[in-house]
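Construct the complete structure from the given sequences, taking the supplied hints into account.
So you can see what is in the structure, the chains are spelled out below.
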Amino acid sequence: MVFRTVVGFGRGLVLFTLAVTNMVMLAITAVVFVLCFGLGMVFLFPVTVRMVRGRAGQARAVARAWSGVEIAAPYRAAPPPPQPQRDGWYREGRQLYRTSLVPSFNRTWSWMIKDPATWRDFAWLLAEPLVGGLLAISPLLMVGYGVVLARVGQPVEVLAGVVLVVAGVLVAPRIARVHGLWTRLLLAPTLKARLANEVRHLTQVHTEVVDSQAAELRRIERDLHDGAQARLVAIGMTLGAAEELMDSDPKAAKALIAKVREASAASLIELRQLVRGIHPPVLAERGLGDAVRALALDSPLKVTVSVELPVRPEAPVESAAYFVISELLANASRHGDATNVAIDISHRRSALRVTVTDDGHGGADPSRGSGLRGIERRLSAFDGVLALHSPPGGPTVATVELPRAFSADACGSTLPAWKQKLMGVCWGLFWLPLFPQGLVAMFMKIFGADERSWFLALYMPEPLQWPVIIGMIALGAGMVWFAAKAAQQAKERDDA
Amino acid sequence: MRVVLAEDLYLLRDGLVHLLQAHGFEIVAAVESGPELLRALLDERPEVAVVDVRLPPTFTDEGLQAALAARRAIPGLPVLVLSQHVEQLYARELLADGTGGVGYLLKDRVFNSGQFIDAVRRVASGGTAMDPDVIAKLLASNARHEPLGRLTPREREVLELMAEGRSNAAIAQRLFLSESAVGKHTANIFAKLDLAVSDDDNRRVLAVLTYLNGTRS
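Chains as they are written, first to last, in the numbering used here: chain U, 4 to 499; chain H, 28 to 244.
Some hints here could point you the wrong way.
Here are the simulated BS3-like pairs of lysine-lysine, each with C-alpha atoms no more than 30 Å apart in a straight line [unchecked claim]:
1) U/Lys195 - U/Lys117
2) U/Lys262 - U/Lys195
3) U/Lys424 - U/Lys195
4) H/Lys219 - H/Lys164
5) U/Lys488 - U/Lys422
6) H/Lys211 - U/Lys494
7) H/Lys164 - H/Lys211
8) U/Lys305 - H/Lys164
9) H/Lys164 - U/Lys262
Hints are computed from structural coordinates only; laboratory data are not their basis.
The structure is reproduced here in structure tokens:
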């Protein structure tokens, strides 16, 4: 307790000092604004913005570390560096530049100046010394002023002083949190900024998905064009030749037809491999569990598969999961030197979860392996994530989670109907027992009011009055508790 | 010999009917869906059934399921399953009851009518006909299994053909060996894999397949 109080005072002091440094930065910023917008020394602007962002970032970090208030960075993503044209010049609108200096500056400039977060940072810079600084130092001020007052000696002043000191001591451990909440007010991303970031992320995912899909289609087209299609043409031609030779040279015709048979067998094999790459037949016929079992049987490793799924996942998710497992299994035998692999497929509410554990030598790194990158790309289309734990020496554990893999009602994800109705009734009526019939009646009873109004308890015989009041309060509180819990449950299931 | 045939593609069904009839089989039913197949198998009790894995109405593994169900009702009912792709998983399910009289071949094998008819007859007589692709996969997934590594290349070839379900005579003909040489090879294989020797071709094949499947379950 004493320790927490002392730490609270210390933190308040540090936060106050930091707030004071804001004033220095504010002065610099003011000078820069004059130079920048008055005298056109625009090159100073990005430097200043970076400085302020650095300070704001530090304030966010402090808020997280000292008060547990999470504040995400609200800034838009930095623009990509300008790309030179084929001739080595940089085009910016209708201008051409020899180096990337000017276009790159222009991009940075418009990125910073158009981002509302920049201006909110400046507002925070201005307000922090006044609000945040005073807030942070207030416990120390209270204690200090209390001591001064108490030394005056008059009873009233002593009392006020003691109260102030006690208040300061009580407030001190909580001041960092209050300060954190204040920081969040201006430094957290606005709803708009959060949405903008989300949209950007989705756009990126969408582009990747479309790109990879297009590439996949191109590959299939090429395979068909160069493989089966070409072979069918050859088969047709050979059959034509055989037809012509049939009468004059039956022996040669027979040889040609034998060739046709070989060619058709070869194209079948090709098509089979192609189909396997697009959508494995076992997956179509039996679903994920058996498809993975078939993979396990074909693998030279000793693979155990355990599947616990109530229903088949949605087809696209199933296919993605299959290819991811196939890739992880291939990785285990290719890079990991594993001999035993355990594949576990289960679900957590509406999410599909796959764990692949191998006893190889570990050390897999998603940033290096292109296979793992491919897995992540495949998963990103479904908001899936890959968590890889692969210490050197093994074992490697790869966990894949794909949210919303099952249609909502398949997993009973919504609340049962009776619970929903009861929740509605509780939300709608909890106030009735809790406030008028419970709390208000209690006060009227305590203060002995004459009025009985419509309060049930007060019409009761004397010994029953208190039990009824307490019962009413308990009933109201119970209804709130139930409704809140049901709402929480529904929310959790929705999120899953 | 009475045959029930199940294949949903008209062209292929027609082709198979002609092929089988040309070799003296009697087609008692040629059906195109899973439920029809099961009914035909149970009513007609054919001497052999030729079944496509993927059939309507679900276009999943209807054919295989119907065949397995019929074999549960009539143990040992000879069934030759045809598919566009072969899976060890399905092969295991077919072999699971250990009674033989099963075949599992790629549809391509129909191209070589002689070998295909031979496989149908083998299955009808209670033997097995496993696709070379299944056997290759089986051996590949057993690659790290040590006793198999002790086989000589020739013994491996013999093992592959034996696992497909061929008799000593057929293997001898295929590898241009004398039947007694094949007999010696098989004896060696059984010794190296520590299996009990059996004179009965069918039981011998099942033993090999069970062995290959069993090493990794």
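Hints, verified against the model:
1. Restraint check: the Cα-Cα separation between U/Lys195 and U/Lys117 comes to about 14 Å, which is no more than 30 Å; the hinted pair holds.
2. For the hint pairing U/Lys262 with U/Lys195, the CA-to-CA distance comes to about 67 Å; that exceeds 30 Å, so the pair is violated.
3. Distance restraint check for U/Lys424 and U/Lys195: the Cα-Cα separation of roughly 35 Å exceeds the 30 Å cut-off, and the hinted pair is therefore not satisfied.
4. Restraint check for H/Lys219 and H/Lys164: the C-alpha separation of about 21 Å stays at or below 30 Å, so the hint holds.
5. Taking the CA atoms of U/Lys488 and U/Lys422, the gap is near 11 Å; set against the 30 Å cutoff, the hint holds.
6. The suggested pairing of H/Lys211 with U/Lys494 is violated, with an alpha-carbon distance near 72 Å, which exceeds 30 Å.
7. For the hint pairing H/Lys164 with H/Lys211, the CA-to-CA distance comes to about 26 Å; that is within 30 Å, so the pair holds.
8. For the hint pairing U/Lys305 with H/Lys164, the CA-to-CA distance comes to about 14 Å; that is within 30 Å, so the pair holds.
9. Taking the CA atoms of H/Lys164 and U/Lys262, the gap is about 27 Å. The hint holds against a cut of 30 Å.
Figure legend: structure checked against the earlier numbered hints; hints not met, in rising order: 2, 3 and 6.
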